[in-house]
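Peer 1: So the chains spell out like this:
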Amino acid sequence: MNIAIILGSLALGAYIIAIVESWATYGRLRLAGPALAALALLGRESVLARKPDRLFFETAPVLLLVAGLLAVAVIPLAPDLIITDLSSGALFLNAALAYVLVALIMAGWGANGAYGMIGGWRFLGQFIAYAMLIVMPITAVAMRAESLMTTQIVISQVELWNIFYQPIGFVLFVIAAMGLAYLPPLDLPLAPGDLAGGVEAEYTGVRLGVLRLARMIIILSLAGATVTFYLGGWLGPWLPPWAWSAIKILVVTVAMLMAGHYMPRIREARYLALSWKLGISLALANIFLVGVIALVVPI
Amino acid sequence: MISGARKGAFSGLRKLVAAAMAQELKAFVVPGPELARAHGLDLAKAGLPLAVTPRHAGVLLIISNLPEGLRDAASVAYAQMPRPRAILALGAGNLAPLPVADVSADLTQEGLLSGLAQLRRAIAAGAFGNDVTDFEAPALEIRVEYTCPMHPEVVSDKPGNCPKCGMVLMPRETDASGGHAGHTPNESEATMSQHNTPEHSKHASAEAAQYTCPMHPEVVSAEPGSCPKCGMFLMPVEGKDADDKHSGHGEHSQHASAEATQYTCPMHPEVVSAEPGSCPKCGMFLVPVDDKDADDKHSGHGNHASAETDDGIEAHFMSMVGITKDLPRSSDGLQMDWLEVPYGPFFPGLPGGLGLQLTLDGDTVSGTGIRNLVGFAAPLVSTPVAAEDFIAQMMKTMPHAPVSYGLLAVCAIENAAGTKAREDTARGRAAALERERIASHLSWLSDFGAQTGFRWLATSAAALQLKVQGADTGQIAALTPAITALLGRLRRAPLMRMRLKGIARLDDSVDAAGPLARAIGLNEDVRSDDQTFSALGFSPALRTGGDALARLQLRCDEIDQSLKLIAAAGIITAPVAEDIGKAKGEGAAALETPRGAAHLRLVLKKGKVISAELDTPSTRHVALIEDMTAQQELGDALVAINSLDLSPWEIGMESRA
Numbered sequence: 001m002n003i004a005i006i007l008g009s010l011a012l013g014a015y016i017i018a019i020v021e022s023w024a025t026y027g028r029l030r031l032a033g034p035a036l037a038a039l040a041l042l043g044r045e046s047v048l049a050r051k052p053d054r055l056f057f058e059t060a061p062v063l064l065l066v067a068g069l070l071a072v073a074v075i076p077l078a079p080d081l082i083i084t085d086l087s088s089g090a091l092f093l094n095a096a097l098a099y100v101l102v103a104l105i106m107a108g109w110g111a112n113g114a115y116g117m118i119g120g121w122r123f124l125g126q127f128i129a130y131a132m133l134i135v136m137p138i139t140a141v142a143m144r145a146e147s148l149m150t151t152q153i154v155i156s157q158v159e160l161w162n163i164f165y166q167p168i169g170f171v172l173f174v175i176a177a178m179g180l181a182y183l184p185p186l187d188l189p190l191a192p193g194d195l196a197g198g199v200e201a202e203y204t205g206v207r208l209g210v211l212r213l214a215r216m217i218i219i220l221s222l223a224g225a226t227v228t229f230y231l232g233g234w235l236g237p238w239l240p241p242w243a244w245s246a247i248k249i250l251v252v253t254v255a256m257l258m259a260g261h262y263m264p265r266i267r268e269a270r271y272l273a274l275s276w277k278l279g280i281s282l283a284l285a286n287i288f289l290v291g292v293i294a295l296v297v298p299i
Numbered sequence: 001m002i003s004g005a006r007k008g009a010f011s012g013l014r015k016l017v018a019a020a021m022a023q024e025l026k027a028f029v030v031p032g033p034e035l036a037r038a039h040g041l042d043l044a045k046a047g048l049p050l051a052v053t054p055r056h057a058g059v060l061l062i063i064s065n066l067p068e069g070l071r072d073a074a075s076v077a078y079a080q081m082p083r084p085r086a087i088l089a090l091g092a093g094n095l096a097p098l099p100v101a102d103v104s105a106d107l108t109q110e111g112l113l114s115g116l117a118q119l120r121r122a123i124a125a126g127a128f129g130n131d132v133t134d135f136e137a138p139a140l141e142i143r144v145e146y147t148c149p150m151h152p153e154v155v156s157d158k159p160g161n162c163p164k165c166g167m168v169l170m171p172r173e174t175d176a177s178g179g180h181a182g183h184t185p186n187e188s189e190a191t192m193s194q195h196n197t198p199e200h201s202k203h204a205s206a207e208a209a210q211y212t213c214p215m216h217p218e219v220v221s222a223e224p225g226s227c228p229k230c231g232m233f234l235m236p237v238e239g240k241d242a243d244d245k246h247s248g249h250g251e252h253s254q255h256a257s258a259e260a261t262q263y264t265c266p267m268h269p270e271v272v273s274a275e276p277g278s279c280p281k282c283g284m285f286l287v288p289v290d291d292k293d294a295d296d297k298h299s300g301h302g303n304h305a306s307a308e309t310d311d312g313i314e315a316h317f318m319s320m321v322g323i324t325k326d327l328p329r330s331s332d333g334l335q336m337d338w339l340e341v342p343y344g345p346f347f348p349g350l351p352g353g354l355g356l357q358l359t360l361d362g363d364t365v366s367g368t369g370i371r372n373l374v375g376f377a378a379p380l381v382s383t384p385v386a387a388e389d390f391i392a393q394m395m396k397t398m399p400h401a402p403v404s405y406g407l408l409a410v411c412a413i414e415n416a417a418g419t420k421a422r423e424d425t426a427r428g429r430a431a432a433l434e435r436e437r438i439a440s441h442l443s444w445l446s447d448f449g450a451q452t453g454f455r456w457l458a459t460s461a462a463a464l465q466l467k468v469q470g471a472d473t474g475q476i477a478a479l480t481p482a483i484t485a486l487l488g489r490l491r492r493a494p495l496m497r498m499r500l501k502g503i504a505r506l507d508d509s510v511d512a513a514g515p516l517a518r519a520i521g522l523n524e525d526v527r528s529d530d531q532t533f534s535a536l537g538f539s540p541a542l543r544t545g546g547d548a549l550a551r552l553q554l555r556c557d558e559i560d561q562s563l564k565l566i567a568a569a570g571i572i573t574a575p576v577a578e579d580i581g582k583a584k585g586e587g588a589a590a591l592e593t594p595r596g597a598a599h600l601r602l603v604l605k606k607g608k609v610i611s612a613e614l615d616t617p618s619t620r621h622v623a624l625i626e627d628m629t630a631q632q633e634l635g636d637a638l639v640a641i642n643s644l645d646l647s648p649w650e651i652g653m654e655s656r657a
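Taken in order, these protein sequences are the chains called A and B. Each residue of the first sequence is one higher than the one before, counting from 1 in our numbering. Each residue of the second sequence is one higher than the one before, counting from 1 in our numbering.
Facing chain B, a subset of chain A residues (Cβ under 8 Å, in silico):
1. 26
2. 39
3. 44
4. 45
5. 114
6. 196
7. 197
8. 202
9. 263
Simulated crosslink set (DSBU-like; lysine-lysine; CA at most 35 Å straight-line):
10. B:26 x B:467
11. B:564 x B:45
12. B:396 x B:26
13. B:281 x A:51
14. B:7 x A:51
15. A:51 x B:164
16. A:51 x B:26
17. B:501 x A:277
18. B:396 x B:605
19. B:582 x B:420
20. B:15 x A:51
21. A:51 x B:158
22. B:605 x B:584
The following label-pair restraints were derived from C-beta to C-beta distances:
23. A:29 x B:153: 56 to 62 Å
24. B:157 x A:15: 54 to 60 Å
25. B:479 x A:29: 22 to 28 Å
26. B:494 x A:128: 22 to 28 Å
27. A:62 x B:494: 35 to 41 Å
28. A:278 x B:492: 18 to 24 Å
29. B:560 x A:255: 30 to 36 Å
30. B:134 x A:15: 33 to 39 Å
It should be emphasised that the hints constitute simulated quantities derived from the structure, not laboratory data. Just so you know, even glycine gets a beta-carbon here, dropped at the ideal spot from N, CA and C.
Just chain A, with the same shape it has in the complex (with noise of 0.2 Å):
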């Protein structure tokens, strides 16, 4: 039952943020846009690239699905509204998200481009960038929850939430979690003026359509993290829970969206050196704070 209707939410979810991501693409806001173009993709042809490595480049974008539906899976939207509460279920959500970079080098190199493999090689610097900004944020909140579990974590915050507690860990999660979802400005892997399209340069079609559902997921799971980690879940007063998260992550959800909006892409090697030399600074610093607010103060 859970499982259906976090299935269900998910799909409305995805049909939201491809409203607002349209929206924010083309500036028309246009409400029967997704179902639209959902199927004009299903009629279109799915074309396969010359001398393709069809075993990658037909497994690609259903292996992103599959990582984005894992990762959903560890996600509570109300106490008992989650498909398994793992207890190592902060850990599995980036186990399952380690996926998205397998799918994406695949479905570049597959399509046997040179626009599609330099963007699966770019993902590949990039992940070297975000992937410890995911894990060391993600640190810091299970040092205060004392466990992994992701609804533990949401009963963490009743008297403060963590976006006040360790707003540095915030700040580092939600730009990792951008770079991992290969959001704009951090659009490297696809990058539309360097590489026209990139990873999905090749793919047409239903393959295509697999490829953005996938990764409407990815962005909604990881929205769906940042509510868990930091927003304090379905934690709020009037709403019943499941409202509360549902609002939080779209909401979280529509700000990466618009962000990239208003800003140029970032240099690659500005990027990698942003992560390391700043980023992981600042989450070691995180880390050392809030153990010692942990020790200190008993919240």
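Using the hints, position chain B against chain A.
Peer 2: Relative to chain A, chain B alone:
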């Protein structure tokens, strides 16, 4: 039924899908969205989003008449579009080799709107059909040529041996033109061989290709397909050199044809087999070895080179050291496979019409070839033309700066005829030139935003450009606050500064004109010598950085300055020559176009232009590309090229590579 319909009976669900497609059209614009804007087309307002690759587009939007080279490239783009696909031609004449346009309309916003509405109806009513016609882009026809693995300069139409080293020439595919494909058919075989099925086996003419399962080597088939045991795709093999695609060191056996080859497991050297296959212990592919050098297989490259000199190595022995020792190293010192990647002529991050061939070493650009497909040809005038026709012709050839070049022609003709424009006409013309500069710089900002993923800049600069083009002084005064606000926000954007600082720095030794020179700090501006501009209070804007950031800031400064000049001039006059009668003589004019100083010399005879010579800034600037992009990261290289603000139409054809 539309010409690019997809095969299938048009019924039930497909009707619904077709209706959805008609609403969800994305356009791939040929030659580029900046030309659409220059002609006053507002695609966003018409509800036609842009696709960055033909693969994601449903309609090929053709703007204006295209020269033959661009039509060939457009046919490649069209061939890449997934069906159902359609062509909407605005103001275009002959489209061959493209199929006839599904809808043709005028090159105006009204034409776009009505054409688009008509096209949507056509797609909704005929996206699928039973008798679809094939379309083959002539430029994509593939031919096979033969080259030596050691001497890439040896290329032959026929198989045979290399005249330099006697090795067997290897076949490779090549096509007539790169187009937008993103495929790199003639990349070196090492480049992608692991995921291309091995090229030399697939297309080897002499031997019949066989297919086998990567997991079950006993499965051998003459046809491609999937393995009956595990369902995996069968991989092609070619006799005994099927092998070492995964070994990473192709040196040993690839061409070992004379001797019997043995196969061994990279992890378990004790496993030796006479047949290719997989290791019984770990399942890895067996790699071939020659007996005599099996020992030093793991000892690194050094041994190969030192033990025997190149001369002593038998002809079949292919050493990685030998292959790569003469290749230039990139700046990072990493030896990587080099890719030849076509960029343009319709690449979304580059000016439409400009075709580049980038040699990529990883994601570093190690070489740039330029293949401009548009541009003006000399002589400009072959038969005598009337003065007004010459002016009209100049405006038509330079779609990115028609007013500037029209005005240049007017000034040269007046100079030749010995007449002089009245003071208020000159002022009005100066204002027209400045208005075009604002529009041109805004268009550049929009392209720059699109290329760097700064979507707010791309959309708002484009919207302002469309409003500025053709506006009168009152309208420009009304637009001034919006433009100033855009520039203010752009100057403050810290990420933009971070993105551009230090990219593509030019120093004063280069041959640069216009904004490029002024961004280095050189006071190079034809307007400084012009009395009309002096009267309007003009003094050139200068910046000193010389990098892409300085160019951006300088163009922002110039927009501000041009707004002030227009306000001071008070009127805008279109460039029209006064009646010159039967005047004759020689004349010259120089004018500061948005891209720099252009010079025109012409000869008049009986009131007709009999010869003309044009020198444009873009012709000079295109030569800067190669040095600017050398050893730059791909994204930086494209920013560098874009920061030049080239107009491919303003590049003299004789200078193209």
